[in-house]
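S.K.: Sequence:
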Amino acid sequence: MSTCENLSPDQKAAHEFLSELRTRITTQALPYQHGLEERALESLWELFGHARMAMKANPGCQKFSSFVTRMLNLEVRPTTAKWHRAKAEGRLASHDGADEFRGDLKELQVVLRKFCAELQVMAYGDAAVPDAETPPALSDVELKACFEPVAFKLHVQSIADKKIAGDIEKREGEAIQMRRALVEGTSKCNSDAPKNVVGLALSGGGIRSATFCLGVTQVLADKRLLTDVDVLSTVSGGGYTGAFLASTLNSTGGDQAAVACPHGPDPLAIRSLRFNAKFLASANLKESWGRVTATLAGLLLNWTAPLFLVAAVALAANRLGYDESAVSWFVNAVAAVTCMSLLLYAVAMRIGDRASSMAGWLLAALSAVTLGAGIVLLAMKGYSAVSSDQYMTMSVPVLAALSAMVPTLLRFLPLVKTAGGRALTLKVALYSAGLLIPLAGFLAIYVLYWLTTKEVLIVEPPVDGFVAVSVIAALAAIVSFLFLNINATSLHRLYRDGLARTFLKEKWTALKDMNLSGYAPYHLINATLNVPSSGNIALRDRRADFFLMSRYFCGSPAAKYVRTEKWKVDTRPLDVATAVAISGAAVSPHMGLGGMPTLTALLTFLNVRLGFWLRRPEGALAWLGTSWPGFICLFREMTGVAGHVARENELLVEWQRTGAGLPQGGVRR
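Using this note's numbering, you'd call the opening residue of the sequence shown number 1 and step up by one each time.
Quick caveat, the hints were computed from the structure, so don't treat them as lab data.
Worth double-checking, as some hints may not be accurate.
Think about it this way: if two alpha-carbon atoms lie no more than 30 Å apart in a straight line, the pair counts; the simulated BS3-like pairs of lysine-lysine are [stated by the list, open to error]: (1) 63 x 106; (2) 106 x 12; (3) 512 x 454; (4) 223 x 106; (5) 170 x 454; (6) 153 x 106; (7) 153 x 566; (8) 87 x 278; (9) 566 x 223.
Work the whole structure out from these sequences, hints included.
M.R.: The following block contains the structure:
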């Protein structure tokens, strides 16, 4: 080899440029787990500067200049020019853009390595051994291990009952093997546990998420890739599309063409879905008014519970009003006992946790009695102050009722056209209701108390006012305790029916009978279980646990997993539309971390409720003689009292979706 002093300008220039070329990403592999695409692009661009420096430093390097300029302009420049614009537009930072860039770089590296070998001959006169390439991110042994079959297995550390965990694994594995046999056209279903189970997760976000997920699944169906999906896991808006896919594939024998064609023309099922995308919008004034009356009827039925309490206070004030001094004495006595219980609680705190807990419950009970007696006394003493102004006494409850009805009227009637106007009106109505409703409650007591002292001219002869209020209290008690179903009076029913009409082929299908043909992936419908007063340390902070509904099993670690056919909606089996609506519930008094405790009672009173109540199948008692949630559940939803499932004798669970989705540490794959 020639010494450095004897090198020609071409050799010197080739030597300098080769020193840069051999040590850059231009000739070295860039594994997907390594490097930054933006820096690799800069390294390519810097070759132009190094080539110019080599040519300027070595006058007369004609052969090198021609050789390197041709390579840079014909091979490198098209790539750098293409990706410089992509970088400026942000496409290089996306996963798809980065993947495409790495593909272009890999093809360019083949050309650059060949150029590097030719430059070696120009610089040193002989062909050197090719440079060793950067080792891959994974060795051959590690890479082989990645492709070993993965057995279908549940992580059962959060499932207390290992038998249930085994049953879940067995039944879901059989469903997966059945679908695979149908797709492959084999007559015999493999009884072994499935391997390499593929899942597709469709996230939440309402109708926007449903639309996005529909486009993704259309592309997968168009490429015949939905046949590889064994499990479909959805939440909220993703559940709309998931239910549509499962329903359509089940009814068409797994025909992917029925949900494909992302670029059009739309198949019949997709076209029908798009035409009915505004599933909550009313078609005409008749339908709008029907929804308004149904919602207002539910609101008024819910108000029978507080009406019973208000009427009871008014009746108590009337009966005790003959001896106001006795009532005052009773209130003072109860208050004194409450103060003594406070001292007892202070002593019990020094004894131990058990004594402290018992004393705390006694203090809470006596405080409630004191508060109730104080309200009765206030009704008696305050009546004379407000009875002189009957206009205020009657108008405030009316204004409070109207402000409570405004959200319903705005939701279903086109009274305000702009979204901003509706939002402002709803905010004003919410603040007005928050101010007026508590005042209206006290004034309603005064109105009923005043009514108990008069004769009511309903029939001839007039009815005694005390009897009339007693009848009102009795009717309210009968409705709220025996007939009130807060699942039926909430907005959930309208929401569920709209979803079913738009996204489900079958209008009513029991969840246990979902996808009986086996052609669709096994559908997991995710939701959130609200436990606002849970004693579980792991759930206390987020006030919620995840909840899962599927064809064979429903439940969570907090509520346990139970066979799906045992879960009931009132007296009927839990159905697909109800499960999807539960998963997609956007607002409710309790929403885990998204809940606002200060508004819980108000939202419940205004019936702003898309959540759903369900009794656990192992519950030994009915809801006060009924098979549906009524007065007690409404009270619990309003206050959050006993909203937990920590003990074995808990009967009730309430759930609806929150924006947070599934918490980490779940028991599913």
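S.K.: Hint by hint, note whether the structure agrees.
M.R.: Evaluated hints:
About 28 Å separates the Cα atoms of residue 63 and residue 106, which keeps this hinted pair within 30 Å; it holds. Taking the CA atoms of residue 106 and residue 12, the gap is near 29 Å; set against the 30 Å cutoff, the hint holds. Pair hint residue 512 plus residue 454 does not hold up; C-alpha atoms about 58 Å apart against a cutoff of 30 Å. Annotation: proposed proximity of residue 223 to residue 106 holds, straight-line Cα distance about 26 Å (limit 30 Å).
Using a Cα cut-off of 30 Å, the hinted pair residue 170 and residue 454 is violated, with the two alpha carbons roughly 70 Å apart. With a C-alpha separation of about 38 Å, the suggested pair residue 153 and residue 106 falls outside the 30 Å cut-off, and the hint is violated. Taking the CA atoms of residue 153 and residue 566, the gap is near 24 Å; set against the 30 Å cutoff, the hint holds. At roughly 38 Å between alpha-carbon atoms, residue 87 and residue 278 are farther apart than 30 Å, so this suggested pair is violated.
Note on residue 566 and residue 223: the hinted pairing is violated, with a Cα-Cα distance of about 39 Å set against a maximum of 30 Å.
Hints 3, 5, 6, 8, 9 from the list above are not met by this structure, while the remaining hints are.
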